[in-house]
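> Sequence:
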Amino acid sequence: MDKELEKPVEDLDRESNVRSHLGKKITFLIAVFLIGVSIFHLYTSYAGPFVDVKQRSIHLFILMSIGFLLYPFIKKSNHNKGLIMDYVLAGVTMFTGIYMILTAERIIESGGRINNFDFIVGIVILILLLEITEE
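Note that the sequence shown covers residues 0 to 134 in numbering that gives the first Met the number 0.
Since the hints were derived computationally from the structure, they do not count as laboratory data. A quick note: this is a predicted structure, and the numbers were derived from the prediction, not measured.
Beta-carbon label-pair distances, calculated as ranges:
#1 ILE113 to VAL87: 22 to 28 Å
#2 THR132 to TYR86: 16 to 22 Å
#3 LEU101 to PRO48: 14 to 20 Å
#4 LEU41 to ILE126: 28 to 34 Å
#5 ARG55 to ILE122: 16 to 22 Å
All residues carry an ideal CB built from backbone N, CA and C; glycine is no exception.
Throw the hints in and build the complete structure from the sequences for me.
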């Protein structure tokens, strides 16, 4: 697309705000994660789902991490600026997802009773979810 046409499209179309130049390593990593999620969903649709919390955590947190890498945190700047903040948000998202997967059984067995750290992780997840849906 011409540079002259890109600016009006970016102003009007929210989906055109995708970062297009991530580098080969990050693009490859995103492709591997997306293919992995596809294989995961195909496998669980055939063999049966995991425990609900684990299944949903794997799906949500991998796709949220990819969303943070594809959509820039700083909206009005160059698409490649703010990349470190996007990496941090993707990393925090992956950490919270891994934490949810590792603690799912404990939370289920306790009848939903959570400790203070679980509460803090839940607040972080809500903030991340609100941020990624705004992007």
